[in-house]
Amino acid sequence: MTEKILMKGNEAMSAAAVKAGCKFYAGYPITPQNEVTQYLSRELPKVGSVFIQAESELAAINMVFGASSTGARAMTSSSSPGISLKQEGISYIAAAELPCVIVNVMRGGPGLGNIMGSQGDYFQATKGGGHGDYRLIVLAPSSVQETYNLTIMAFDLADKYRNPVMILTDGVLAQMAEAIELKEPPSHHNLPRKDWALTGCKGRKPNVIKTLHLYPADALEKVNIMLDRKYKKIEDELQKCEKINCDDADIVVIAYGLPSRIGKSAIKKARLDGIKAGLLRPITLWPFPKKEIQEISKKCKKFLVVEMSNGQMIEDVKLALYENGNEIDISFLGRGGGWYPKPEEVLNKIKEVIGNGKQ
Amino acid sequence: MENNKENKEATLRQVKMHYCPGCGHTIAHRIVADVIDELGIREKTIGSAPVGCAVLLYDYFNCDIIECPHGRIPAVATGIKRTNPDKIIFVYGGDGDLLSIGMAETIHAANRGENFTVIFINNAIYGMTGGQMAPTTLIGQKTITTQDGRDADTTGMPIRICEMLATLGKPAYIERVAVNDAQNIARAKSAIKKAFKNQIEGKGFSFVEVLSMCPTNWKLSIKDACRFVNNEMAGYFPLGKFRDID
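Protein chains in written order, with my numbering: chain B, 1 to 359; chain H, 1001 to 1246.
Bound conformation, chain B alone (with noise of 0.2 Å):
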């Protein structure tokens, strides 16, 4: 076994950034996420990659997004305002289908908000914070070992479906230090090769990145029915998640992220008491994991969905077992602002919930 080191899940994804071979990450300071800086500005150069402090989150986002234009590994970093100001380049880069790593270590909002854990961004990250039709693949760990795991896993996921990846972790999972192992990461020789990237033209017809499409009349239709194409094959392909004593459940907890480990301890609780509880963590939240979903739904008819918000990814649960007519009773404990779950609220909810309906 790989020694075991102390770290926070903003120096785990660092870690895991330089591991994967990253060779470029520009960022501006944030709280919570300012360890991330603070980290690869002392460890990129090292091993001879790119950190640059950029001006803006505008020009961070574009300064990775002309890195990765070029072939090389890229991250960029922010907190909630943050990917707001990086939400045109993100769309620039999916709609160029450039690869990139983009953290959102989520804090309170809407505006300035606070500086506590959150998970207000969901609809932003899942939905496309930017304008017109593209999609990230969104990655929520919930330890930071995972974070570590996810932040490499997220890089090979990019190179192989040329699309940004976001890693959407919290305030609270990114502060806080666990032992992890720092496993190296897969080799990259299953990965496409880079032949559209911007290298000089020597030896071949010159690269264009661009997204400007205007002629013929359906060029641009063209690029969105590809586009389209790309993420019907990464739902197909890409839906992960954990579940914990979901087969007999007869009230399955959903949770991503820091409420996902609370909701942990409150289903383990709720056994104790004699109450069949499980829990499904979504790990990939784009694609969202909908056919587990709606396979324990074919048992389960009663689902509890708890957030660190008023209520975001609770539509996509609804989507996916809503999608065929059933009757499912979905609940929902949770409200935005920096508030998290205790145990005890969780397990009184499920107790609320299995108490209401039929037996």
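Read the hints as simulated data drawn from the structure, not as lab findings. Treat the hints with care, as some may be off.
[As the list claims (entries may be wrong)] Where chain H lies over chain B, by a calculated footprint (3+ residues, C-beta under 8 Å): (1) 23 to 35; (2) 51 to 60; (3) 68 to 75; (4) 88 to 102; (5) 202 to 209.
Every residue, glycine too, gets a C-beta built ideally from N, C-alpha and C.
Put chain H on the given structure of chain B with help from the hints.
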């Protein structure tokens, strides 16, 4: 020509351009392309295109090109150059792009001393969107958003970027040129060549402002537009060198 080898291909493609008659972009394109050919760097050049009339740069330049979000060219170019220090990167952008929405990116790239070449086209107007006031529109100049002429009291003064950048410590080379007559075109070419040579030699940020004609949106004949550059623009935006570390 068919019998030319790959590395002898010209940088400027032999295609019809979409620019209006008398537009300064055509001349600036020709100068940049000729300089790339003369320095023999086409195959290691990556150009970054603006939003504006020159957005279709990749239709005219036979080299790798990225089309950037409006105002962000110096940031995109920073990402390219830092990961590819052996490649030659040029930024090509207008006054709306580099001085209005992208002023922060322009100043900070200059202040970091990024080792790339900026060709800044100043035609004192937004061309592609139909002739609105630019940060470089002259006082009294009529545009569709300053229909009685630009008023300094409500819109401020035209920005002299070369003078501003010259207050920074890191830029290697800053010069303002014009493309309105043969003599100025020759000077513009030697400035742009120097700006590329500086990059090859690793000297750092090199910035050439090109006073350029927009007869269509200025609502002037081509001849009068060329005169406007001399008589009106060059008075407020003096031609010459503002920084040269050599």
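Evaluation of the provided hints:
1. 23 to 35: holds (count 3)
2. 51 to 60: holds (count 7)
3. 68 to 75: holds (count 5)
4. 88 to 102: holds (count 3)
5. 202 to 209: holds (count 6)
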